[in-house]
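The listed protein sequences derive, respectively, from chains Z and G. For what it's worth, the working numbering labels the leading residue of the first sequence as 1, then goes sequentially. For what it's worth, the working numbering labels the leading residue of the second sequence as 1001, then goes sequentially.
Warning: the hint list may mix true and false statements.
Partial pick of chain G residues on the chain Z-facing surface, computed with a CB cut under 10 Å [to be verified]:
hint, residue
1, Gly1003
2, Gln1006
3, Lys1011
4, Gly1042
5, Glu1052
6, Phe1065
7, Phe1105
No lab work stands behind these hints: they were computed from the structure. Think of the CB as a built atom: it goes at the ideal place given N, C-alpha and C, for glycine as much as any other residue.
As a plain string of letters, each chain reads:
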Amino acid sequence: AQTVTQSQPEMSVQEAETVTLSCTYDTSESDYYLFWYKQPPSRQMILVIRQEAYKQQNATENRFSVNFQKAAKSFSLKISDSQLGDAAMYFCAYSRRGGATNKLIFGTGTLLAVQP
Amino acid sequence: DTGVSQDPRHKITKRGQNVTFRCDPISEHNRLYWYRQTLGQGPEFLTYFQNEAQLEKSRLLSDRFSAERPKGSFSTLEIQRTEQGDSAMYLCASSPPGGSYEQYFGPGTRLTVT
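Chain Z extracted, bound-state conformation (with noise of 0.2 Å):
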């Protein structure tokens, strides 16, 4: 079974400053996305990013960008220039390339603090 694993409960940063949350996974498959969700304090969940696993090419979405490393099944997201508006909960999530639902495995989530 897929796994998706979010080791930092809560990180902080500095606004206009860089932050990078950490996101491992296990799957046999070969072909997945990955994903980086933001879900803001009583707001609804927001696509950050996405990664098809087929690319070698990070994602990148304005000051959003990724690090994944497919042989060691890791996929960080790099916050560039945080902003108050980036505080959130992040959720690193998986899905199976091709299968019948492309239902989303999620992480437990990193709490992200933007300090002014």
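Given the coordinates of chain Z, work out where chain G should sit on it, guided by the hints.
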């Protein structure tokens, strides 16, 4: 398009009562998911619909839980004989047809069983 909506946003019920939640996906999204999120945990998959067909149910979905998606539009999740352990946030997500793996989440229904 206003996104995925869920109703009610909050529900407080007494143990043993039945509750029903509704999810309205983004129009034209044929795929619909239910997840459950307890405090301090990530969401856990409950069930999946493609159009009106329920194609997968998690082992988490005991026989007290039932979900439907008539006509492939909105979906309902019913919990019978609620227990305190059912207290959680119930999230709905939808996804468009084709190869997109992105799921769009609703705001969730927070259930408290007293």
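query = Minimum Cβ distance from Glu1052 (chain G) to chain Z below 10 Å?
reply = Because about 15 Å separates Glu1052 (chain G) from the closest Cβ in chain Z, which is outside the 10 Å limit, the hint is violated.
message = Given Gly1042 (chain G) as an interface hint, is its Cβ closer than 10 Å to any Cβ of chain Z?
response = 3 Å, holds
key: Agreement of hint Phe1065 (chain G) with chain Z interface, Cβ distance less than 10 Å   = Status violated, d = 16 Å.
inquiry  = Does Phe1105 (chain G) hold up as a contact with chain Z if the rule is Cβ-Cβ below 10 Å?
reply    = 4 Å, holds
query = Quick one, is the Lys1011 (chain G) hint okay against chain Z at 10 Å, beta carbons?
reply = Nearest chain Z Cβ about 16 Å off; hint violated.
key: Status of the Gly1003 (chain G) interface restraint (C-beta, 10 Å, chain Z)   = With a minimum Cβ separation of about 8 Å from chain Z (threshold 10 Å), the hint on Gly1003 (chain G) holds.
key: chain Z contact restraint on Gln1006 (chain G) - CB to CB distance below 10 Å   = Since chain Z brings a Cβ to about 9 Å from Gln1006 (chain G), closer than 10 Å, the hint holds.
In terms of the numbered hints stated before, the structure departs from hints 3, 5, 6, listed from lowest to highest.
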